[in-house]
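From first to last, the protein sequence lines are chains A and B. In terms of our numbering, the first sequence opens at residue 1 and continues consecutively. In terms of our numbering, the second sequence opens at residue 1 and continues consecutively.
Calculated directly from the structure, the hints in this document are not laboratory data. Using N, Cα and C, we set each Cβ at its ideal position, and we do this for glycine too. Heads up, some of the hints might be wrong.
[As the list claims (entries may be wrong)] With a cut-off of at most 25 Å between alpha-carbon atoms, the simulated SDA-like pairs for lysine to any residue come out as follows:
1. Lys-75(A) with Ile-82(B)
2. Lys-63(A) with Asp-60(B)
3. Lys-61(A) with Pro-2(B)
4. Lys-215(A) with His-53(B)
5. Lys-61(A) with Lys-75(A)
6. Lys-177(A) with Ser-189(A)
7. Lys-85(B) with His-53(B)
8. Lys-8(B) with Ala-382(A)
9. Lys-63(A) with Asp-36(B)
10. Lys-349(A) with Ser-84(B)
[Claimed, not checked] A few chain A residues that face chain B, going by a derived Cβ cut-off under 8 Å, partial list only:
11. Ile-68
12. Leu-242
13. Gly-378
14. Arg-381
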Amino acid sequence: MTKLGSESRPLRVAIVGSGPSGFYAAEAVANSGLAVEVNIIEKLPAPFGLVRYGVAPDHPKLKKVTMIFHQIAEKPNVNYFGNVKVGEDVSLQELESCHDAVVFCYGAETDRQLNIPGENLPGSHTATEFVAWYNGHPDYKNSTFDLSCEDVVIIGQGNVAADVCRILSKSVEELNKTDIAEYAVEALSKSKVRRIHVVGRRGAAQAKFTSRELKELEALPNCLSSVDAEEIALNAADDIELADPTNYNTVDCVEAFKRMSEQSDANTDKEIKFHFLLSPTAFHGHEKLEAMSFARNQLIGEAFSQAAEATDSTLGIPCGLCFRSIGYRGKPIADAPFDERRGLVPNEKGRVICDDSNLNRNLYVSGWIKRGPSGIIGTNRADSIETVETLLADLERIENNSKAKADLSLASLLQHKRIPYVDYEHWKRIDAAELLVGKTLGKTRNKFTSVTDMLIVANLDVSGIDYDYPGQSEAY
Amino acid sequence: MPHIVTDKCLGCRFTECVETCPVSCFHEGEDQLFIDPDACIDCSACVPACPIHAIYEDCDLPDEFEHMVEINEEKAGDLPVIRSKQEPLPGAEERKTELGF
Numbered sequence: 001m002t003k004l005g006s007e008s009r010p011l012r013v014a015i016v017g018s019g020p021s022g023f024y025a026a027e028a029v030a031n032s033g034l035a036v037e038v039n040i041i042e043k044l045p046a047p048f049g050l051v052r053y054g055v056a057p058d059h060p061k062l063k064k065v066t067m068i069f070h071q072i073a074e075k076p077n078v079n080y081f082g083n084v085k086v087g088e089d090v091s092l093q094e095l096e097s098c099h100d101a102v103v104f105c106y107g108a109e110t111d112r113q114l115n116i117p118g119e120n121l122p123g124s125h126t127a128t129e130f131v132a133w134y135n136g137h138p139d140y141k142n143s144t145f146d147l148s149c150e151d152v153v154i155i156g157q158g159n160v161a162a163d164v165c166r167i168l169s170k171s172v173e174e175l176n177k178t179d180i181a182e183y184a185v186e187a188l189s190k191s192k193v194r195r196i197h198v199v200g201r202r203g204a205a206q207a208k209f210t211s212r213e214l215k216e217l218e219a220l221p222n223c224l225s226s227v228d229a230e231e232i233a234l235n236a237a238d239d240i241e242l243a244d245p246t247n248y249n250t251v252d253c254v255e256a257f258k259r260m261s262e263q264s265d266a267n268t269d270k271e272i273k274f275h276f277l278l279s280p281t282a283f284h285g286h287e288k289l290e291a292m293s294f295a296r297n298q299l300i301g302e303a304f305s306q307a308a309e310a311t312d313s314t315l316g317i318p319c320g321l322c323f324r325s326i327g328y329r330g331k332p333i334a335d336a337p338f339d340e341r342r343g344l345v346p347n348e349k350g351r352v353i354c355d356d357s358n359l360n361r362n363l364y365v366s367g368w369i370k371r372g373p374s375g376i377i378g379t380n381r382a383d384s385i386e387t388v389e390t391l392l393a394d395l396e397r398i399e400n401n402s403k404a405k406a407d408l409s410l411a412s413l414l415q416h417k418r419i420p421y422v423d424y425e426h427w428k429r430i431d432a433a434e435l436l437v438g439k440t441l442g443k444t445r446n447k448f449t450s451v452t453d454m455l456i457v458a459n460l461d462v463s464g465i466d467y468d469y470p471g472q473s474e475a476y
Numbered sequence: 001m002p003h004i005v006t007d008k009c010l011g012c013r014f015t016e017c018v019e020t021c022p023v024s025c026f027h028e029g030e031d032q033l034f035i036d037p038d039a040c041i042d043c044s045a046c047v048p049a050c051p052i053h054a055i056y057e058d059c060d061l062p063d064e065f066e067h068m069v070e071i072n073e074e075k076a077g078d079l080p081v082i083r084s085k086q087e088p089l090p091g092a093e094e095r096k097t098e099l100g101f
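So that you can see chain A by itself, here it is in the shape it has in the complex:
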């Protein structure tokens, strides 16, 4: 029997990333019955990943999952190290020198490109950037979006597109009560946006919304959700897809689109218009975005694998702002293996597949950077449970390969390197300050968007650090 996981030699696991997959991996390791030490490492001061920086401000109930993360973080054998970037502040080798295994849970933060002409014109953005911006992500606080145009195009028909629609169409009064970034409400209060075109490459029966999100758009006051009846005509393959008993979500969505097509014009300020069977071919404009061109598609292929094929027919949509919402994409980290084509870390049930140069490293992966950027918060719990099951089954191999030095701890390593890490008590101070300031503003929370301000509030030593926010400190 291996000694690893016993009181005299606890299993030491580093978890890179503090979003859902990271916390659930920590939970699974902590609940393994072994003696363990779990260190959750996060590059930002604040934990929770996309629960904090992705879930829309008007979906506060989903954010209650942080109460579970809080319970996990407060377990005696779980520690949080925020403001520590793996690959910069600490190398992967250094992590391996003070842990028996490393689990990558750092998600997918960049986006997929359309790779069409004009993609970099001012006015062409990603939904991921917009979401991070309105959610107060420190790296995106300086983003600007030209909201002076009347028409916005969103490429993609999933729940992120739905989030962008709601934030663009809700009133300042509604947004003001949430935890949306102050600068975002201010910018949105001056918005002239009237029409939001949500464009999908395939048909109504292939849109990726969950029916709840779509019905939420349908129910928005002061915003008409519309669709042209011709665009939602179903083909034979669609009928087969809709007849499948597991496809109830799509049946609901198609019914919602049908209702939208039968509506008469309501007298609303804003409109969300769903377009189907269109693929963008170019962004147009002189110095900034003025219009987009699309190829009309038809669907070919069998049910459940219908593909969009361009016809010769084209369409233009004038617009001043475009958000592509065609999926997040992962990035490589440090010198860990990476599958460039799929944008994830190659693995077998969570055990990282290492090439010859990387054999005998105890590397694991969970969450979006393991299986790609799909699924919702809870999907990552089941995923992390699988990864940790694999890790625990590998215990003997992990013990043999471990490079962890018994007398080296992550805390002492970071202190020696003078990295001002945010531990969980520090985070609780930042959290309390955000709630306090939020209360004075009538919001659920006012997030700090400056890393330096968070470190100040956490009572960390910021001497020698450059202040990262133009203008006045929010700490005042």
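Given chain A, work out where chain B should sit, using these hints.
Below, chain B alone, put in the same frame as chain A:
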């Protein structure tokens, strides 16, 4: 709007839903599971996880299952939390096929 486990769960009790729940709000009875409506955060991860579509969001609940709303609340109060998947009941796979899934 919380989610409700209907009595479609009876006879199968796959428990595929349990590990997708981000807040572990499932409670286990011998024959079926129940969701604590106060703990549920409406993420809907459990709905597609169930192989036989036994779970509905409250507003989508077919009329014939209305009585399950109160039953979930009541039973969740009495029964222990279930955090890990378990073996389904004997005959679960056959029942799933019979139901057309």
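Hints versus structure:
1. Lys-75(A) with Ile-82(B): Given pair Lys-75(A), Ile-82(B) holds - Cα atoms ~19 Å apart, limit 25 Å.
2. Lys-63(A) with Asp-60(B): It holds: about 22 Å lies between the C-alpha atoms, which stays within 25 Å.
3. Lys-61(A) with Pro-2(B): 11 Å, holds
4. Lys-215(A) with His-53(B): Satisfied, since the Cα-Cα distance of roughly 20 Å is no more than 25 Å.
5. Lys-61(A) with Lys-75(A): 24 Å, holds
6. Lys-177(A) with Ser-189(A): Satisfied, since the Cα-Cα distance of roughly 14 Å is no more than 25 Å.
7. Lys-85(B) with His-53(B): 17 Å, holds
8. Lys-8(B) with Ala-382(A): With a Cα-Cα distance of about 23 Å, the restraint between Lys-8(B) and Ala-382(A) holds, given a limit of 25 Å.
9. Lys-63(A) with Asp-36(B): 17 Å, holds
10. Lys-349(A) with Ser-84(B): Given that 25 Å is the threshold and the Cα spacing comes to 18 Å, the pair holds.
11. Ile-68: 5 Å, holds
12. Leu-242: This hint is violated: Leu-242(A) lies away from chain B, its Cβ roughly 14 Å from the closest one there, beyond 8 Å.
13. Gly-378: OK, holds: Gly-378(A) within 8 Å of chain B, min 3 Å.
14. Arg-381: Constraint on Arg-381(A) satisfied, holds at 6 Å.
Checked against the numbered hints given earlier, this structure breaks only hint 12.
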